[in-house]
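Chemist: From first to last, the protein sequence lines are chains A and B.
Following my numbering, the numbering of the first sequence begins with 789 at its first residue and continues without gaps.
Following my numbering, the numbering of the second sequence begins with 2 at its first residue and continues without gaps.
By construction, these hints were calculated from the structure, which means they are not laboratory data.
Backbone N, C-alpha and C fix where the C-beta goes; we use that ideal spot for every residue, glycine too.
All clues stand as given, with none of them false.
Sample of chain A residues facing chain B (criterion: CB under 8 angstroms; computed from the structure):
id : residue
1  : N794
2  : Y869
3  : A987
4  : Y1015
With a cut-off of at most 25 angstroms between alpha-carbon atoms, the simulated DSS-like pairs for lysine-lysine come out as follows:
id : chain 1 : residue 1 : chain 2 : residue 2
5  : A       : K968      : B       : K4
6  : B       : K162      : B       : K260
7  : B       : K4        : A       : K955
8  : B       : K237      : A       : K795
9  : A       : K795      : B       : K260
10 : B       : K237      : B       : K260
11 : B       : K260      : B       : K247
12 : B       : K162      : B       : K247
13 : B       : K8        : A       : K955
14 : B       : K247      : A       : K795
Under 8 angstroms between C-beta atoms, here's a sample of chain B residues computed to sit facing chain A:
id : residue
15 : E3
16 : F6
17 : L11
18 : V17
19 : I170
20 : I172
21 : T278
22 : M306
23 : A325
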Amino acid sequence: MRLIVNKIFLALSILSALVGLAFLGWILITLFMKGLNSFHFSLFLNDLIDGGLRNLIVGQFILAGLAAAIGIPLGMAAGIYIQEYGRGRYANIIRDLSDIMMSAPSIVIGAFVYAIIVVPTGGTSGWAGAIALAIMMIPVVINTTDNMLSLVPRELREAGIALGASKYKVILDIVIKAAKVGIMTGVLLAFARIIGETAPLLFTSETSNYFTLNLSESFPSLTVSIYDLANEPEKASRDLAWAASFILTVLVLVINLTGRFITRNKK
Amino acid sequence: MEKLFQKISLASASIVFVILVGIFLTLLSSSKAAIEEFGLGFLTNAAWNQEVPLNPVNETVHANAAKIFEDVELNTQDDATDDEAIVDEDDEDMIADEDDEDDMILADEDEDEEGSSAATKTVYGGLVPIVGTILTTIIALTFALPIAMGIAVFLAEIAPKNISYVVGIAIELLAAIPSIIFGMWGLYYFAPIVADLVGGYQVSLLTAGLVLGVMILPFMAAITRDSMNTTPNVLKESAYALGATKFEVIKDIIFPYSKVGIIGSIILALGRALGETMAVAFLIGSIFVLPDAINSPTISIPVAMANNFGEASGLGESALFYLALILFIISFGVISLAKFYFLKKAK
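With the rest of the complex left out, here is chain B:
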């Protein structure tokens, strides 16, 4: 019985490991088609679901494939001409003779280009959603950071205990509100006001970033307050005894003492903002166009997934998984940095 119980608890603990590794491997294998097709060029390509002339793309695809899979022995130039011939003749036997990458390309062409002229193919690039994700996160952080710090200082140092308790609960309730509510409120009530003030569209990078900022605000404030509370009272009291004002105590004693924890909390909030879907989905506009101004619409990785996953198939779906993989790796990195470097150090 004892043994059994121990085994069960060990197995449950291992599930965490299995799930995380599982997520990584699943995303990797589901995005394989897109990775092979577009390689790292995916990160810098702004086209999404666009038809481009077949030949030049085919060559870059082959160049990428050759870079990644060095076992591809065929000459790039020959390959390209082979493909042309195949597309022209639509010869099944020759397709079967080609290696995997070519199969994939051709299968995709068959899917997407059926009925239309064989001279174009569909490409997917991740640049727009990646840029959108990073920019909304930066806007959110810029907006939330000063307010969150102010709230944390208020809760930790300024407010009397009972007020701090009540306000603290209220701030944590703000954090508990489901993100879809933030999205709806943002779209119908917050964005019109912002658009009136700044001009431009109601759905834009700016409004999405600001609502995202409101969302991460309570989260950031709560962790920052907790870090500030770890400052020993003796330090603060000795500073007050020397005649320091509250501002000086906070600036010169509490802030340096809890700096590492505060930076950790900021990065953790950043990790949240990167992966947030619903609040942004209402507000970012969801178009695959690089924003030319802060108040023009674009798209982010989670929103690209939320809005296109249902209709996508084949290469398009694979490209979305590629985006998911990128997001997973970025947020994994950001969160580990916060947890292991800053917050561990703070303890």
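Okay, chain A solo, but in the shape it has when bound:
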């Protein structure tokens, strides 16, 4: 009897793993079928107004890149503070708050940026979108930096100090170097996460049908446009949405896998 229960339990567990894999497979296969169906290289050459995706892809990269340019230095500096300088309560409070911020609903962050940037500046803009994404990214970078720095052995720091280096030199030249791979992985995963975000951009950057590099006006966003296109009744729009989803997913998964690959190789 015990053995039968055991067998059933193991079977159920394997079954649920298969269910999980089946969902992944189902989604990916759907994306490939629908996406490749309407995929064409001219999508990369035309803007949305001419039925292409060029402006959206460029726009999404600029938004996420800008967010990374804001979020990575801030997040890393904050992580360094928590791990290297902050001894005591304040550092712990920041660590906890950053954990909470990591799970804050992304649409609420969008509403926040809308209230503090879009309303005062009088309209949606690329800047607002990038800042919303940066707010999403900062806590993830803090978390990674904090964790990775804590893995660096204390002896390394002591050796640096013993050689007469000042603390910031030790941190920048020794500790960060030692933790570089781990931090890079974390940052890539964070980037992969924000480049696929839609909710924080809905009312901050919105999207645009035209190619633009001007960050002070509504900015083209792949994800927001997917949402718009998918809700339109014409089949052509929905096909375009599938092609865009396919490109987005491939991008996200490639960045994500690259991040994992780096760590695996170094280990």
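Position chain B against the provided structure of chain A, taking the given hints into account.
Modeler: Below, chain B alone, put in the same frame as chain A:
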């Protein structure tokens, strides 16, 4: 230089604090108009953007305002009659004489009711999106919980190391797929099948909850696996040595040992599900009606925001910020509970 570096890193760390407090205060101030207008009655009112006769609402509004702001000295009854007079005469001078709350109400009336009869006003209530959010989250958890536990057990205890590694990566990739993709896939491929099986609408509480469940599944499985992995091998081995089966080891050794961590991961997943926007937006139907069955459409807080923010202005926008504030407070509470009570204890 050393000092400067230290200052910069301290300042960056403080940004977290500033942003979180900033979010709270901004949401609070942006929703002020709606909070003053509807008070806590917002939480139990199922009407959204509906015209109701002016007088009874005005009285409840004043009752609420008086409860919240005790410095309002005016008699409720007098106020109500004053307002009637003002609306009838449309007298600018008298409006200026009224206190803030009344100004707000009247300004809103001017906006919304211009051209129509002055006897109605627009009310917003948060009950439908709040109920929608809670129900979709419950459906998602009910669906995801057993499967996630099964996957975690498989990864932590059953699968050989290399299979566990590959399946683990696959599950984490599922977590990396952008939520908007889940939404599209759910709407065009998953929902029709569910609707065929269960009946009812393709866009409904049920389909939204199930897709949400698929989304939080990998997240929940990954943290649960990590908690299970903290069980010391010595414990497991001694149980096996006593002749326990794998099921018994998992049930009697690993599960009790990592219970707190597992509960923490469930609550964390719940926090995710509460705030998820895009996957739900495709599937929930987006109508402000309380669902009368599990397979009828409704709306959730994030979706209400996503779909109505663009067109909203004045009191409507403020009401959306009120919803955002409620969502922020709920998820803040849920996440803190998970992080500080359960996951800390697990460490």
